[in-house]
Every structure is written in structure tokens, then in C-alpha cells.
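Protein chains: 2
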Amino acid sequence: MTMLRLPSEVSVREVGPRDGLQNEPPVPTEGKVALIDGLSQTGVKRIEAVSFVHPKAIPQMGDADEVWAKIAKNPDVRYSALVPNSRGAERALAAGFREIEVVVSASDTHNRKNVNRSTEESLEDIKAIIALAHKENATVEVVVSTSWGCPYEGDIAVDRVLDVASRALESGADALTYGDTTGMATPTRVEALVTGTQGRMPDVYLGLHFHNTRGTGLANVLTALQLGVTNFDASVGGLGGCPYAPGASGNIATEELVHLLEDMGVATGIDLERLLLVAAEAEKLVGHELPSQVLRAGPRTRTTPLDA
Amino acid sequence: MTMLRLPSEVSVREVGPRDGLQNEPPVPTEGKVALIDGLSQTGVKRIEAVSFVHPKAIPQMGDADEVWAKIAKNPDVRYSALVPNSRGAERALAAGFREIEVVVSASDTHNRKNVNRSTEESLEDIKAIIALAHKENATVEVVVSTSWGCPYEGDIAVDRVLDVASRALESGADALTYGDTTGMATPTRVEALVTGTQGRMPDVYLGLHFHNTRGTGLANVLTALQLGVTNFDASVGGLGGCPYAPGASGNIATEELVHLLEDMGVATGIDLERLLLVAAEAEKLVGHELPSQVLRAGPRTRTTPLDA
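These protein sequence lines map, in sequence, to chains A and B.
Per UniProt numbering, the very first residue in the first sequence carries number 1; after that it's consecutive.
Per UniProt numbering, the very first residue in the second sequence carries number 1; after that it's consecutive.
By construction, these hints were calculated from the structure, which means they are not laboratory data.
Be aware that one or more of the hints could be misleading.
Unchecked claim - Computed, partial: chain B to chain A, Cβ under 8 Å:
{"id": "1", "residue": "Arg167"}
{"id": "2", "residue": "Leu169"}
{"id": "3", "residue": "Gly183"}
{"id": "4", "residue": "Glu191"}
{"id": "5", "residue": "Ala219"}
{"id": "6", "residue": "Tyr244"}
{"id": "7", "residue": "Ala245"}
{"id": "8", "residue": "Gly247"}
{"id": "9", "residue": "Ala248"}
{"id": "10", "residue": "His259"}
{"id": "11", "residue": "Leu260"}
{"id": "12", "residue": "Asp263"}
{"id": "13", "residue": "Thr304"}
Said to hold, decoys possible - Here are the simulated distance ranges between beta carbons:
{"id": "14", "chain 1": "B", "residue 1": "Pro25", "chain 2": "A", "residue 2": "Arg98", "range": "53 to 61 Å"}
{"id": "15", "chain 1": "B", "residue 1": "Glu273", "chain 2": "A", "residue 2": "Asp159", "range": "26 to 34 Å"}
{"id": "16", "chain 1": "A", "residue 1": "Gly172", "chain 2": "B", "residue 2": "Glu281", "range": "17 to 25 Å"}
{"id": "17", "chain 1": "B", "residue 1": "Pro243", "chain 2": "A", "residue 2": "Asp76", "range": "22 to 30 Å"}
Glycine included, every Cβ here is placed at the ideal spot set by N, Cα and C.
Turn these sequences into a full structure, and let the hints steer you where they fit.
In C-alpha cells form, the structure reads like this:
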């Protein structure tokens, strides 16, 4: 087996409480707290817990301060908050977060629809956010959304994405994540953007955030693994839909990712059986079936009794 | 982009009318005929149309003769029938099929549950089926099911699968397909079995049949493509479930496969938009939502109007 060169371990970031719940009907604060606390006992090392956005824009995240105050902070877990702008960054820092993700879209159209300003304006704001955060000893990860395509503009040129990412790094970003906002990535596109990044920004701490909107999520992960990427976002149960395609899937499901990786000998540190219990709870929390296949079928190691 | 070495084209076999419908509640004969006829206009070159099994075992396929008699035979399409034993092969040949697939399980336990005899007994029968078919100028493909694991036995050793496959080829089989009956394959397991096959049976016409029960289907396809495999089964809409896991997905969805391949520059000859119309009809036929993500979200090229 010499073809598939895979890393020995990867770091999974659980984004269900934020990216997942943000795209589901609102759930009670206590449910969010229980979800995050359940996740923090699975062995996952990073959880994107909340976002600090205007509650009129995204009512699902209106209780971010309360959620953060109530969760049991597991010292083995790094919790992060996503922010759309300086105001959100100030709130996240004031709440005590020391890991901030700030999002900017490679698509100008998407950025305007999302935060009502141009990509350029967001990049300027990011510079200010980074300065602010570093003063508080917090780190800032820049998430470049629509990195593999925009639901309005269609394809986004690799060079455009690389330019936006480079600008963020020049402004002092500590890490970079490419977001496949509406599941438009495919393996050859992943290869093009990742190798382009490795060429222009060889030292970057790079994460990838795939949505499974068109079923390509795990094939994209496999490609990225072969290119040496070791940081991936996923959401428990596959929580979260696609706002542009009713009924379509959201993030890749954490159980599917862990199941795939562990079977291939790529360690995640996550206890799959424990994670599946949390996924079942997540399903109850949102009140509908979640797209995770491993939640439905069970892991491949779960055999059927012969007399069944 | 030098890492992903992909073939320039692949041959997709549509198995929705057989493997799909066999695992769905029964549908009327006319619906099956319309489904097959719709598929034969999409550009797909191979369709697994029916199976000749005992109607008490699989009532869904009880009208195989009638379906076959009624469909419009597109001369550009190769139609095949799946059979479990000699009796089924005789019926398929009498009906006029000149491409027969015969299934044998690498798992003895699964083979006994499926056809009430040992793998060894099925292999002996296959020898007789091949002789019979070749006399009628028909070809026989042997499908080795549970090639990546058995729902009862768990893992199946690669050597066991290779032994069963070799026996079939020695008996004169014209082609070989490995079936991932309950979606237990992952990329490293695909690599192990495919490279093992290429080592022991370098000249075999090899096809792969993945189920997406645990979300790994397209990652498995990607791995196989990188190893040079160019024949894949898929079912329109992702028709068909998993008999061992209620609610779990069946075959990989043809639209998802075509969408992935075509975007990567791997030609299938299939018109995706036309296929999506057939998938929507398939959904009406079975009366419930099908798992195909591309059916739900549309292809990545389908953008949203800005004022939406």
C-alpha cells in the first residue's frame, strides 16, 4: 500500500454548536450548553462554540454570552468563537475567548450579502481585529469562505482566494481556514488550492472546512490528507443545512470523518462511540433526522447478530 | 496538479432498477419500465435492468420477464441481469439477456443467508453458469459481494476475496466486480484489494460497486480512480437502502458520481441534467426522499439569483 500517503494524526475542530446550529431552527440555550459539554467529553480537542454576530442577522446565536458562561470548560479543549467584524471580536474578547475566527469571503458578492461590505473592507477590518486580539494575547484565524465557489458568482479563481488569504496572513493572522461554504469543492479543486497555498504560503497553519452539500466532502478530505493537510472542521451529526439549497446537507459529519480517518489508521483522539451518543442527542435537540450516515448505520465494526 | 492522476473517462453502470428497487418497497411494473427507459436516454452505456431471483425471496423482482419485454432497448446501451444461481441464469438467457451477472459472497455466512449454500457451492454453480452462458454467446460477470466486510462476520481478509475472485476467473468469468454490500469499504481497504487484484489478476476487467452506507462511497471511488479502475456501479437518486441498517443509504448515487467525475475532467458520457430529471421521477416512484445530495442541492454550476 504505497499510493495513499496519509498523515498519522489529524486535528478535528467540532463546529456543530456554531456552524451547525446557526443553520438550524433556534434551540434553547440549555440544549446548546449540553451539546458543547457532551462534545468536550469525546476527546475532540477543538470546539467552535459560538459566534458573536448581530442577533437580528442570526437569532440562533443571540445567546452566545450565556452559552459561553454556562459551559464546563474542559482544560483539554480549545474553544473558539467566530466573528464577522470588529464589534464581534470585541464581544468575544470581552467574554474571555482567546481563540477568534474571523470570516471573510473570497467572493465580493457573497461578502456583501453576508456582512454588507466588500471583501476589501472586511480585510481592512481584519487587520484591526488582529491587532486588537494580539494585544489581549488571543489568536486570530481567518476563515476565507466561498473558497471553492460562490452560490451567486459561481467559480472563484484560485488566485483570488490566494490573494485574500495572503492579505490576511500579511495582516498577522495566526491561522488560515478555507471554507467550502456551499459544498462546491471537488478533489481536483482542493488540490489546486492547497498546492497553490503551499507554494505561496509554505508556513501557514492551514485548516479546511468542507460542506457535504453535493456529497464530495470526504473525497475532498482524502485529497487534502494526501497533500499533508491535518486540520479539518466537521459538525456532529452533520448538523446544519445549506441556506441556499433547502434540504441539502451542511458540514461534513464529525462521526463520518472520524470513522473514515480511524479506519485508515489516521488518529483523531476522538471516541467514536461516545461521539455517536452526542450525535443522537443533537438529533433530538433539533427535532429532525440528521444526515450523518454513520449515525444511521453505525460504524463498520458493528456487526449484525446472525439470527437478526 | 500532479498528485491526482485520474483516467480521462470511466464507464458507469446504472444499477438503480435492480439493486436500488430490490431494496425499496415494491413498485409497479410500468414504473420500472419508465425508469429504465428514462435512464437509457441519459447517455449511460450500461444498465443492470433486473434480477432473476425467486419471487418468494425477492418479490420486488418478480416481474423481471415483463419489465425486460416492455422496455425500449436502446442499441447504445448494454443491459444486464443479475442472477443468484443456474436457475436464474437459465431464465435470463431464455429472456434474451446476453450479459449476466452472477453473485457470490466472499463471506460464507453471508452467502448462506443470501442463497442458502456455501461460497464453495456457489463457485461450483458459477462454473456451470459460465459454460451455459458462453454456449449462448453471453458474457458472465462475477460479482463478489461482501468484498470489504460482512455484516455478520465483520472484516473479510483480502486473500479470501482474491481467492474467490481467482476461482471465478479460472472458471471463465469475463469480468469481475467487487461489491461493498453494506458500505464497509474505506480508501485504504480499497487500495489493498485493488492492488492485490492487479498483482494476482493483472488482465481482469474490474468493476467496483460501492454503497454509501457510511458516507465513504465517493472517497472510495476517488481512490480506485487513482489506481486506474474505470468501471463503477451507481444507482439513480441513490435508490435502495441497506437491508441491515434501517434508514441507511444504499448504492452511491449516480448523479453524485457523475457530478464528481465530470467536474474533475473524467468523462462519463452522461448528461447530468437529464439524469437529475430521472432521479426526480425515481423519487416519485418510490414515494420518499432519496439520499442523493446533488438531487437535493443541484450541481455546483447552478448558481442562486442575487435577489433570492
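Minimum beta-carbon distance criterion (8 Å), Ala248 (chain B) to chain A:
holds (4 Å)
Using Cβ atoms only, decide whether Leu260 (chain B) comes closer than 8 Å to chain A, and label the hint accordingly.
holds (6 Å)
Does the interface hint hold: is Arg167 (chain B) within less than 8 Å of chain A, judged Cβ to Cβ?
violated (24 Å)
Holds or violated: is there a CB of chain A closer than 8 Å to the CB of Gly183 (chain B)?
With Cβ-Cβ at 7 Å, under 8 Å, it holds.
Could you check the hint for me, namely that Gly172 (chain A) and Glu281 (chain B) are 17 to 25 Å apart, CB to CB?
violated (54 Å)
Cβ distance range 26 to 34 Å for Glu273 (chain B) and Asp159 (chain A), holds or violated
For Glu273 (chain B) and Asp159 (chain A) the Cβ distance comes to about 30 Å; the hint holds.
Would you check whether Leu169 (chain B) satisfies its interface hint, that is, whether its CB is within less than 8 Å of any CB in chain A?
Violated - the Cβ of Leu169 (chain B) stays beyond 8 Å from chain A, reaching only about 23 Å at its closest.
Close enough to count: is the Cβ of Glu191 (chain B) nearer than 8 Å to one in chain A?
At 5 Å from the nearest chain A Cβ, Glu191 (chain B) passes the 8 Å test, so the hint holds.
Given a cut of 8 Å on the nearest C-beta pair, is the interface hint for Tyr244 (chain B) held or broken against chain A?
holds (5 Å)
May I ask you to test the hint 22 to 30 Å on the CB atoms belonging to Pro243 (chain B) and Asp76 (chain A)?
violated (41 Å)
Can you let me know if the beta-carbon spacing of Pro25 (chain B) and Arg98 (chain A) is within 53 to 61 Å?
holds (54 Å)
Does His259 (chain B) meet its interface restraint, that is, does its C-beta lie within less than 8 Å of any C-beta in chain A?
For His259 (chain B), the interface hint holds, since the closest Cβ of chain A sits about 6 Å away, which is under 8 Å.
Consistency with the previously given hints fails for numbers 1, 2, 16, 17, ordered from lowest to highest.
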